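**Student:** Take a look at the letters that make up each chain.
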Amino acid sequence: MISSKLPKIFYGGDYNPEQWDQQTHQEDLQLFKQAGIDIATVNVFSWARNQPDEVHYQFEWLDELINSLYESGIYTCLATSTAAHPAWMAKKYPDVLRTDKDGRKRKFGGRHNSCPNSPTYRKYSTEIASRLAERYKDHPAIVVWHVSNEYGGDCYCDNCERAFRVWLKTRYQTLDALNTAWNTSFWGHTFYDWDEIVLPSNLSEEWGDDNTNFQGMSLDYSRFNSDSMLECYQLEYDAIKSVVPDALITTNLMGFFKPLDYFKWAKQMDIISWDNYPGLDTPVSYTALAHDLMRGIKNGDPFMLMEQTPSQQNWQAYNSLKRPGVMRLWSYQAVAHGADTIMFFQLRRSAGACEKFHGAVIEHVGHSNTRVFRETAALGSELQTLGDTLLDSRIESKVAILFDWDNWWAIEKSSGPTIALKYVDQIHKYYKAFYNRNIQVDVVGVDSDLSAYELVIAPVLYMVKPGLADKLEQFTQNGGTFVTTFFSGIVGESDLVALGGYPGELRKLLGIWVEETDALLPTMRNQIVMNQSLGDLSGDYECGMLCDLLHTEGAEVLAHYGDDFYKGMPVLTRNTYGKGEAWYIASDGEEAFIAGLMKFVADQKGIQPVLDTPAGVEAGRRVKNGEQFIFLLNHNAEAATVELNDLQVTNLLDPDHTGQSIEVPARGSVILSAPYSS
Amino acid sequence: MISSKLPKIFYGGDYNPEQWDQQTHQEDLQLFKQAGIDIATVNVFSWARNQPDEVHYQFEWLDELINSLYESGIYTCLATSTAAHPAWMAKKYPDVLRTDKDGRKRKFGGRHNSCPNSPTYRKYSTEIASRLAERYKDHPAIVVWHVSNEYGGDCYCDNCERAFRVWLKTRYQTLDALNTAWNTSFWGHTFYDWDEIVLPSNLSEEWGDDNTNFQGMSLDYSRFNSDSMLECYQLEYDAIKSVVPDALITTNLMGFFKPLDYFKWAKQMDIISWDNYPGLDTPVSYTALAHDLMRGIKNGDPFMLMEQTPSQQNWQAYNSLKRPGVMRLWSYQAVAHGADTIMFFQLRRSAGACEKFHGAVIEHVGHSNTRVFRETAALGSELQTLGDTLLDSRIESKVAILFDWDNWWAIEKSSGPTIALKYVDQIHKYYKAFYNRNIQVDVVGVDSDLSAYELVIAPVLYMVKPGLADKLEQFTQNGGTFVTTFFSGIVGESDLVALGGYPGELRKLLGIWVEETDALLPTMRNQIVMNQSLGDLSGDYECGMLCDLLHTEGAEVLAHYGDDFYKGMPVLTRNTYGKGEAWYIASDGEEAFIAGLMKFVADQKGIQPVLDTPAGVEAGRRVKNGEQFIFLLNHNAEAATVELNDLQVTNLLDPDHTGQSIEVPARGSVILSAPYSS
Amino acid sequence: MISSKLPKIFYGGDYNPEQWDQQTHQEDLQLFKQAGIDIATVNVFSWARNQPDEVHYQFEWLDELINSLYESGIYTCLATSTAAHPAWMAKKYPDVLRTDKDGRKRKFGGRHNSCPNSPTYRKYSTEIASRLAERYKDHPAIVVWHVSNEYGGDCYCDNCERAFRVWLKTRYQTLDALNTAWNTSFWGHTFYDWDEIVLPSNLSEEWGDDNTNFQGMSLDYSRFNSDSMLECYQLEYDAIKSVVPDALITTNLMGFFKPLDYFKWAKQMDIISWDNYPGLDTPVSYTALAHDLMRGIKNGDPFMLMEQTPSQQNWQAYNSLKRPGVMRLWSYQAVAHGADTIMFFQLRRSAGACEKFHGAVIEHVGHSNTRVFRETAALGSELQTLGDTLLDSRIESKVAILFDWDNWWAIEKSSGPTIALKYVDQIHKYYKAFYNRNIQVDVVGVDSDLSAYELVIAPVLYMVKPGLADKLEQFTQNGGTFVTTFFSGIVGESDLVALGGYPGELRKLLGIWVEETDALLPTMRNQIVMNQSLGDLSGDYECGMLCDLLHTEGAEVLAHYGDDFYKGMPVLTRNTYGKGEAWYIASDGEEAFIAGLMKFVADQKGIQPVLDTPAGVEAGRRVKNGEQFIFLLNHNAEAATVELNDLQVTNLLDPDHTGQSIEVPARGSVILSAPYSS
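Chains as they are written, first to last, in UniProt numbering: chain V, 1 to 678; chain X, 1 to 678; chain C, 1 to 678.
Check the hints yourself; a few may be wrong.
[Unchecked claim] Calculated lysine to aspartate or glutamate pairs in the EDC-like style (CA-CA distance at most 20 Å, straight line): (1) C:K91 - V:E196; (2) C:K5 - C:E71; (3) C:K92 - V:E161; (4) V:K105 - X:D102; (5) X:K105 - V:D102; (6) V:K92 - X:E161; (7) X:K123 - X:E54; (8) X:K91 - C:D176; (9) C:K567 - X:E638; (10) C:K105 - X:D102; (11) X:K137 - X:D270; (12) C:K241 - C:E231; (13) X:K105 - C:D158; (14) X:K105 - V:D100; (15) X:K101 - C:D102; (16) C:K465 - C:E412; (17) X:K92 - C:D193; (18) C:K101 - X:D63; (19) C:K101 - V:D100; (20) V:K398 - V:D449; (21) X:K91 - C:D158; (22) X:K91 - X:D158; (23) X:K91 - C:E71.
By construction, these hints were calculated from the structure, which means they are not laboratory data.
As the structure is a prediction and not an experimental result, all values here were calculated from the model.
Okay, chain V solo, but in the shape it has when bound (with noise of 0.2 Å):
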């Protein structure tokens, strides 16, 4: 479990009390206690209180903090507060601004704001870290270390181009291999000398979010940025580690956050947390995705759910509320999907700046009796009777869906053939047809072992790095289902192109050959037209975006194009492949094609629901030390019935309620637990 000093799932979040005065404090003391609250994240953005000048500092304050905290029974998630760089650091030091890809100096100002390659900024926010670990290293209040705060952007200043052209030199050690990588011949960007080289910008070989004129360049550069961030969080991580070696440290994700590499991440974290802001329009489906990713990228293990808000946000364009029940019900599907926390941004609302309108455990009113804190004291009272129970449960899954940051900057950097491909909409698109039926998924990256899986989807496999495409030669050898699309076996690392026939190095595995790949202007479908019953799977289906021409090498056609000039050709094959099948998925389909697809390669290798449930309910489970935990959500503005079939259960949160069927209210979340034999 996360702490033996708290053994149950932490319930709480970021509080600011610098931001109010003592009275405030001793109230909010109060009504933490009364909402079941037992664990404050603090010092988030507290760099310019902490050291006011270059030579000073002053954590007097945040002693009293901490301490009031832990007297009053709650623990601390205690942040570095380098988030955001004090004003008195950007006036003396300009190195810790950003440029930004237009090539702009920005001024004071914002968060995020640091330039990851600044020396002023990495040197103070080592130093920083370095003192927060000696002073409270032996405070028996900290629970979780938490590094700065939801690092993202990017920066194109000088000092970020010099590290650039390190970061190349080590990367390909020559400028021969360098040039041969981006294919610099192609409109003679041959470089002589590295420093030749210059930031891909706005100013130089982008344009817009997703344009350049080199892909590996620019790929290149995402990797680079990723991983200059990556080296900030690094700095603090061992500054905080060399004083406290046993400290558990991590720093919140964002879920689908494009510019960094979480998969590299998670390496250098001890435990994922990450803050999850879904909108009222949001399928609960992506949320669900979300979390699995924020499980599968450190293997599984359980995670913090580091922020939510209890009802509003407040930079949504309509910021709805959460309507009663759903700030229980996401939850719990946050734990259903492996968080071992509850945390909220925040504990009290500010009163003023940008985030005055986002929902906080204690509103503006300032006292108890709101909607928003009797639901959040209810939950608090609910977790304090889980206790432990499913603390370090697991997910087991045979299914897993393929997911790679690299894959994601590449698709959508590419010209052509397509701007309506969207990376993390075709992982959604078949992470759903599971999730609809509950058959609980895990996302892996490429690097993972795959042994354990019985089925693997691979959706827009664009590019296939080193020694993948034999890893999945291996899994479906020995019997394992493979599932990929259209666009996919494409390029290697560098976005140059497999030659001699896509899929490259997937067209053994897949045995087909693509000559061509038609794109679809928006209002143009074609149809996917079965050759033959495949369990549900019968008749027409619509597709469009992609069309690939392609040819069979060994697979068999399941189905073929139903309109225009390449009417006839395949767009569904399977190719048998040792012990196992690999499938290619021509086009992108109808919702209605990719569930029932999806549903019969998951019924050949018998992979079963956690339970049938009616639409818009959701189930899932988590397992440990032979028990089951069965988590039933109920999405839907109704109330439900979910039958158990003999399934011999205990209602952990009602008690008096169980039995054969189990009704969840509507928005209503419902834990079951039972014996389990995997």
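On the provided structure of chain V, position chains X and C as indicated by the hints.
**Tutor:** Using the frame of chain V, we list chains X and C on its own:
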């Protein structure tokens, strides 16, 4: 009246003979006479002509112009020529050039191009105003002094940054006070030195039009920028006044122009003047509202319509012709709302540059045989007949709508709860309910005296400045009816939330507590379900955008929500307060609801329309010395008949057509006079 | 013909073996042979390879390349490699880097990246052209010299600013003349020193794509920018000619490419070449028009189709495949309109960077067993059969459409009356009326000789340059039919309005006076009501966008408006002028109206289609030595039959299939020959 020299509605407009040769000018003088034109605004953009270098000034051309006009019976509105600096000045003193919000130093070009804190600009603009005053102080042609032109825009240069710090020191005295006002402890932005403060721009705290991290800082920048330009105006004003103490000085405003706080500006202006440029699709009620604002900022004093186009504009996307009759109709609409002049931009149409397709009295064809000229001349003739009849008459109103620039800025810089909320739209919605019934409205500021009104409407009174709540309580206590809406009473003058429960300082007056505010997606609607009939108001109405969830604390509930989890909660309340009533409308209701409710509250106070008229026919009233002037303005494309109900009238423009029933032609205007006692 | 060395339609395209190894190059040579390819454009982007630093040049690779191609029977179109400067040059001489319209100095990257007024760029681009000329002057493989590539873009650096002032001094001689031309007295922009003039950019007079405060200045910048690039071209041209006097020199143009005045460029080019990239949804009539423009800028001379894609593009939003047959169809469409070459970008598809998804003859798979290769080879074979049959044949037309870059720039930089007016759209509307009937059209410039035409159409002839009105009067006087439209005759060459009544210099010819021009909102429409039938034209037609309100001065009224306050005013007039007629269309009519009217005026002059064909089947004619070549191009997805009406023909590509009725397959092309007398 504006000038005893010209005791009638001034008729004329901008004239730029420096673009033309002498012969054209002589032709113009003839045509002006033919059109009944008696005033010309000159010297608006002649700085480069007046001052060809740093040392020399040349006004001889202006002498001749003013004289030749005067000899033709045309008075002068004399501009100071500082609305665009000369090219030589930009080259020699780059400090006159602005830096834009993206940090880009401008080059010479455009107009509104001078940095308001440029020492060079301030020195030379004052100097030329002074020289003009000296030269023309005794000239009998001058009736109005016109400082610069349409002040606007903003600047982010180093001079402005330094001036901002000085402005802040004056406002806050201490950094502690400033840090508190801006809540800088949020995100650790604490300032330890005034010089650490940078302007809020796209390089620091802001992005786009209305997004900022620190509302308090951005609000202060808006105030500072408005004040900086006001100082420039004031410098020229003082330069003129010190030479010509009885000069009548103005600068032309632009109605709902967001960057400048015209209530503050009006205090420094001898008379208000403004430029009215509705498009073909601008609601006539919106134009009426803008006139009322321009009258309201100077306590109801008559104002100058300084500019309108005789027909077309050039800067709109689609520059439609004014249909026959519309120029006259909209001219009289201005007069009906308080204008004592009717002036055009411009008298002769330019041959080159960006305004060459802007309409003018004299078109490119150069003669009088055009529809536009004929309509202009007909109105000129009519105005001569009217003489001083209408001058100095005033509008009497029992209804005030509160408008506040600070509130405008603050609402639209807010991060959350919705991007759909636009302050002026809300003002217009409530205004229209009165406009459509011919009930005249004063638009007043938060410093205005409210004691003369029966009804005060303050839509979205988000910011309640010190003293305002007391004033509104006093107003209601004494028997007035006060109406406000959702998202009111939230913050104080620094955009810091009024803690302890919304609507903050208005809570006692309104007798309610707003617990939460839901923001609806654009596709979502709720209903206002009336608990009882209120006049014509009964049954259900649509509402949306924002929905306050409120609890009454003494107020009576008159309608409740029809949908969502807050179905049944109050959406319309009325609180008896002293001798008066305070109403609260908790959501954005549809037009029929607002119309019905405003009729109900007006009826309660016995507030009567000027006249009942058919739809699309506006009726307005001005009053002087026991006489009333009733304007019937038919905005329809068909004739309409207005019943006068025993009112004994004189038809001022068409004495032969009178009676108890007046037919107003399509797009026609009628002015009636009758005895009056208020 | 282009070259006596290769007396046939050149077949080949861009080839970049510097991106490939030697073995691949050898395979390419085999594949080229297989595909009937006989020309390769090389050295387009090889500057960095040719000149690795400031001192050294290395052309050995190019020697080998040209030789190996030549040994395989492939001629060379030799580019000068200056289309993108080397990275080392950007680093050492930043003056080669452009400054963009926002004032941002570019860093190294992209192509079209050299400042046209950079001394370094001019020096080294001339130097390398010179060295190439010296090295290859006697090489038998070279058939065409290709300077740079697709000139375009703009620059706003200090070097350009200084050069602009020099350009202006040359044009205007005195500042007085310039101040008058630009009407700088408007907004007081009078210049007293040439050095006060700054470039019109987003930092001075412009914003966005087509907005400016001073049209005259912006228009001159457009001319200057086009001229600056033309000077760069000319420097390389002269460098080659001084060494190789009989060199055939071109640069590849881009059809309706707004930044460059191709009529002016054409004068400096030995042969026109251009790159044709229609999308799946580009109207075929638009492609036809672009070909006719490219033929028209050089007085009807045959041109080179320098680039087209064999199948896909990469830079469009949706890069569809060219359907089977379409590549051949569009190739022959080019020939039908005057092309004497069919060339591709490119011969082998790149493996990396932004064009790797741009189609090529040899796809990534690297062999010939692809649909694209087969279609390419089939056409190659066909072209060998055709030999020199078609070469140097010309198009004869009795109809000219006037096109003018200055007019294009001026119309779209106009502030008012509507943003909806797009010049090329209007040109295309009128062109299409002839295209759909297989009446061939010449696109001519304002300097062209019109005497050979029966019919001259000048849609939206907004700018009438000196001498043009006289020429049009002369043309009509002599019996020609002249047609123009709304918003014509408004300004002269400096965008100064022709005073005294629109349409200015065209007023006499057209016999009308336009008093006003109404701009309609996008939702508004009016009607053209025919006063009498004109051929098929009768009844009512829709019109909109702009509506001129005009009075006849001798012209006959043939149709009137059906709506609005100008209902009944003329909308279509015809003025008899000498032996001819001048027509005026006062509003933007619907397609059926334009089609009917153009048919009527063509019928009047006895202008006949090449052939009558079913809808979607284009018929074109080229003529040489008493023989005509008729192209039947079926753009439909179904076969169509064309009746030849007693014409005795030879089917050139399929001699066995001939007769009086020719079936053209879906997307098929047929070329017939027959005797001809014009």
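**Student:** Each hint needs a verdict: does it hold in this structure or not?
**Tutor:** Cross-check of the supplied hints:
1. A distance of roughly 6 Å separates the Cα atoms of K91 of chain C and E196 of chain V; the hinted pair therefore holds under the 20 Å criterion.
2. Proposed proximity of K5 of chain C and E71 of chain C is supported: the alpha carbons are some 14 Å apart, at most 20 Å.
3. Note on K92 of chain C and E161 of chain V: the hinted pairing holds, with a Cα-Cα distance of about 17 Å set against a maximum of 20 Å.
4. For the proposed pair K105 of chain V and D102 of chain X, the alpha carbon gap of about 10 Å is at most 20 Å, so the pair holds.
5. Taking the CA atoms of K105 of chain X and D102 of chain V, the gap is near 15 Å; set against the 20 Å cutoff, the hint holds.
6. Distance hint between K92 of chain V and E161 of chain X is fulfilled; the C-alpha atoms sit about 17 Å from each other, no more than 20 Å.
7. Between K123 of chain X and E54 of chain X the CA atoms are separated by roughly 11 Å; this keeps the pair inside 20 Å, and the hint holds.
8. In summary, the hint linking K91 of chain X to D176 of chain C is supported, as the alpha carbons are separated by about 19 Å, within the 20 Å threshold.
9. Using a Cα cut-off of 20 Å, the hinted pair K567 of chain C and E638 of chain X holds, with the two alpha carbons roughly 16 Å apart.
10. For the hint pairing K105 of chain C with D102 of chain X, the CA-to-CA distance comes to about 15 Å; that is within 20 Å, so the pair holds.
11. Taken as a hint, the K137 of chain X and D270 of chain X pair is honoured in the structure, with Cα atoms around 17 Å apart against an allowance of 20 Å.
12. For the given pair, K241 of chain C sits about 15 Å from E231 of chain C by alpha-carbon distance, which is consistent with the 20 Å threshold.
13. Between the alpha carbons of K105 of chain X and D158 of chain C the distance comes to roughly 15 Å, so the proposed pair stays at or under 20 Å and holds.
14. For the given pair, K105 of chain X sits about 17 Å from D100 of chain V by alpha-carbon distance, which is consistent with the 20 Å threshold.
15. Pair hint K101 of chain X plus D102 of chain C holds up; C-alpha atoms about 13 Å apart against a cutoff of 20 Å.
16. Of the pairs offered as hints, the one joining K465 of chain C and E412 of chain C holds, with about 17 Å between alpha carbons and a cut-off of 20 Å not exceeded.
17. Under the criterion of a C-alpha separation no larger than 20 Å, the hint pairing K92 of chain X with D193 of chain C is consistent with the structure, at around 12 Å.
18. Note on K101 of chain C and D63 of chain X: the hinted pairing is violated, with a Cα-Cα distance of about 41 Å set against a maximum of 20 Å.
19. About 18 Å separates the Cα atoms of K101 of chain C and D100 of chain V, which keeps this hinted pair within 20 Å; it holds.
20. Under the criterion of a C-alpha separation no larger than 20 Å, the hint pairing K398 of chain V with D449 of chain V is consistent with the structure, at around 13 Å.
21. Proposed proximity of K91 of chain X and D158 of chain C is supported: the alpha carbons are some 14 Å apart, at most 20 Å.
22. A hinted pair counts as satisfied when its Cα atoms are at most 20 Å apart, and K91 of chain X with D158 of chain X qualifies at roughly 18 Å.
23. For the given pair, K91 of chain X sits about 62 Å from E71 of chain C by alpha-carbon distance, which is inconsistent with the 20 Å threshold.
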